[in-house]
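Trainee: What follows is each chain in one-letter form.
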Amino acid sequence: MKIMRKASRSKVITYGLVAIAFIIVQLLISSGNISSSLQGQLVPICAYVVMAVSLNLTVGVLGELSLGHAGFMSVGAFTGVVACISLESIIPFTILRLTVSIIIGAFSAGVAGTLIGIPVLRLEGDYLAIVTLAFGEIIKNITNCLYVGVDKAGLHVNFLTDATSLNLSEGGRVIIDGPMGISGITKLSTFAMGFALIMVTLFIVLNLIDSRSGRAIMALRDNRIAAESVGIHVTKYKLMAFATSAALAGAAGALYAMNYSTIIASKFGFNTSILILVFVVLGGLGNIRGSIIAATVLTILPEMLRQFNNYRMVIYAIVLVLIMLATNDDNLKGFLSNLRNRLLPSNLRKGKKGAENG
Amino acid sequence: MDKAKRPETKMVPVPSTNLVPERDVDKLPVLEARNLGIEFGGLTALAGFNMAIGRTEIAGLIGPNGAGKTTVFNLLTKVYQPTHGTILLDGRDTNNMTTVQINKAGIARTFQNIRLFSNLSVEDNVKLGLHNNINYGMWNGILRLPAYWKGERRAHEQAMELLSIFDMQDLAGNRAGSLPYGAQRRLEIVRALATKPLLLLLDEPAAGMNPSETAELMENIVKIRDTLQIAIILIEHDMNLVMGICEGICVLNFGKIIAKGTPREIRNNPQVIEAYLGKKKEG
Ligand SMILES: Nc1ncnc2c1ncn2[C@@H]1O[C@H](COP(=O)(O)OP(=O)(O)OP(=O)(O)O)[C@@H](O)[C@H]1O
Ligand SMILES: [Mg+2]
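Going down the list, the sequences are from chains A and B. Per this note's numbering, the first sequence starts with residue 2, numbered consecutively. Per this note's numbering, the second sequence starts with residue 50, numbered consecutively.
Just so you know, not all the hints are guaranteed correct.
Stated by the list, open to error - PhoX-like, lysine-lysine: derived pairs with alpha carbons at most 25 Å apart: (1) B:Lys245 / B:Lys76; (2) A:Lys12 / B:Lys199; (3) B:Lys245 / B:Lys272; (4) A:Lys188 / A:Lys268; (5) B:Lys153 / B:Lys245; (6) A:Lys188 / A:Lys153; (7) A:Lys237 / B:Lys59; (8) B:Lys272 / B:Lys76; (9) B:Lys76 / B:Lys59; (10) B:Lys76 / A:Lys237; (11) B:Lys199 / A:Lys7; (12) B:Lys309 / B:Lys76; (13) B:Lys59 / B:Lys309; (14) B:Lys305 / A:Lys237; (15) B:Lys272 / B:Lys153.
As the list claims (entries may be wrong) - Label-pair ranges, simulated between beta-carbon atoms: (16) A:Phe160 / B:Asn84: 39 to 47 Å; (17) B:Leu194 / A:Leu66: 27 to 35 Å; (18) A:Ser32 / B:Glu210: 56 to 64 Å; (19) B:Arg83 / A:Ile275: 37 to 45 Å; (20) B:Met288 / A:Lys237: 21 to 29 Å.
Quick caveat, the hints were computed from the structure, so don't treat them as lab data. Think of the CB as a built atom: it goes at the ideal place given N, C-alpha and C, for glycine as much as any other residue.
Same shape as in the complex, but just chain A (with noise of 0.2 Å):
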């Protein structure tokens, strides 16, 4: 019962924490005190958040290394984009196409991670993680060969070629043009829908860890053996882990991609992915709030520092080792709690305590 109400206190703070990033923001965009800049990377810190948090899943709730989480959200973009594209006649009411283009990134995000995963995942060892890396390249390649349209007659595909030999008929349009990518796209992905993907996000992984199915996934990280012996199935709990990783991944790509006019395959390469990990790893493994933190504070961040030119980097590095030494050191995280606690007043903590109680 102890346990049931410290987890769900701490979901409360988890969302609460991010609904009030979002109100405070909503207020100074309305009061015009906020850069057009910061503005502009709204849209890709709540994509990176969803990013972080999924990739968190995996690596720190089931323990398993993904090198190649920027391919799912490649998956998720691309397919999320044609689908925004090809039904623009069919559903024009725009915050539902793109909520139908999420799903539908997410969807085959998910198809992808499933595919992969149901022969690595039987593995054990590394392998997951040299896969992964393999996958996020090959991610990259296909898409740079291939080409889509889209005409009366439906979708056409084509690998390998151009794009004249879709063979559209009148009135068709390219959307995947090989290795230009897609361009034209219209910007659909609001800073609103980013929030709304974030606590979705957030509500699923976090009910999933806080059950059956999620705490089997923790016992496969905490001793493999001793899952089996309580009749645990590891591979369908990891898979179970992989493939929401990987859905929530590509819905993350489909709003990042809908935030731009032109997207091309090479922006999700293997950089990402170590991006991604980097928020993960900060962040702390298994703390999904240090994911959101993270992932928000290092996409910033360098935008912010652009006033230190020839510094930027080397402000930037130390910035990363000071947030790894403050979520992930022992001393540092009792020393910082010591001053809290010396800081805040005593009265204060006392009601604290008191409703921890209650």
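Position chain B with the ligands against the provided structure of chain A, taking the given hints into account.
Mentor: Same frame as chain A, but now just chain B with the ligands:
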């Protein structure tokens, strides 16, 4: 445990030179191992292992270090697939079954080197033992549908009841890895019992416990058998515990059974004494 208080069980032979308690002889043995064996590379870790366990028997598996005792448990639970022999669980051939299927079919175990889910709470460890008894799917959990609330409430109630076997309800919220050694061993037993086994395998349950903890554990093992009416095989180096509560004992040395019998028979068996104390020197 006072030996005088507990009369020695009369053991009777069953086919294939095995012994089970007289009260269990009319029922199918819960476990029967026939000619079980395994080799690791060139090393024969176990060979020609025969054993039958009565449905409510407490059996002991003893022998010097490296004799192959843990290997027997690993074969019974299919951590290793045996290279020879058959295992019948409740009369069913377990050939080609996996560890997960073996657990569902009725064997639960603890580990010599404790294997808890150490980052999870004590209660969650027990709930993981209940995993296949309280079933609701992933989406019921995510969407917090009624099946989730019902399942979790039942899981909580059953976990608390199981923890009460060892008076551990107060520890429910603690991190399993933070418990003292003895409590970790007890939690492993509770987690195993949560899977509702027919047969419980305990690998050195008293290791690292002090004498009073061990005495309490002995009481509790007997209590578990009496209340749940299940069979228990325990590996143990503490001879007071083994001789005090085991009804049938099987002695292994170098991967072979060297003696089988009641505690009294085993205590007086010259081969067993030799295996433990070394061969008496002539002259
Ligand atoms: N996976 C393995 N690979 C190779 N050899 C193994 C393996 N598992 C066990 N053995 C060997 O089998 C023999 C029996 O080991 P086992 O762990 O069953 O002994 P034990 O009777 O449980 O000893 P202890 O009392 O020390 O726990 C040992 O010689 C051991 O080295
Ligand atoms: Mg052993």
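Trainee: Determine for every hint whether it applies to the structure shown.
Mentor: Each hint, compared with the structure:
1. B:Lys245 / B:Lys76: Holds - the C-alpha atoms of B:Lys76 and B:Lys245 are around 20 Å apart, at most 25 Å.
2. A:Lys12 / B:Lys199: holds, 21 Å
3. B:Lys245 / B:Lys272: Distance of about 15 Å is within 25 Å: holds.
4. A:Lys188 / A:Lys268: holds, 17 Å
5. B:Lys153 / B:Lys245: holds, 9 Å
6. A:Lys188 / A:Lys153: holds, 23 Å
7. A:Lys237 / B:Lys59: violated, 46 Å
8. B:Lys272 / B:Lys76: Cα-Cα ~21 Å, so holds.
9. B:Lys76 / B:Lys59: holds, 16 Å
10. B:Lys76 / A:Lys237: Roughly 37 Å separates the two Cα atoms, so the pair is violated.
11. B:Lys199 / A:Lys7: Satisfied, since the Cα-Cα distance of roughly 19 Å is no more than 25 Å.
12. B:Lys309 / B:Lys76: Between B:Lys309 and B:Lys76 the Cα gap is close to 21 Å, so the pair holds against 25 Å.
13. B:Lys59 / B:Lys309: holds, 14 Å
14. B:Lys305 / A:Lys237: violated, 38 Å
15. B:Lys272 / B:Lys153: holds, 23 Å
16. A:Phe160 / B:Asn84: 39 to 47 Å: Violated: the Cβ-Cβ distance is about 58 Å, outside 39 to 47 Å.
17. B:Leu194 / A:Leu66: 27 to 35 Å: holds, 33 Å
18. A:Ser32 / B:Glu210: 56 to 64 Å: holds, 58 Å
19. B:Arg83 / A:Ile275: 37 to 45 Å: 55 Å Cβ-Cβ, so the 37 to 45 Å window is violated.
20. B:Met288 / A:Lys237: 21 to 29 Å: violated, 43 Å
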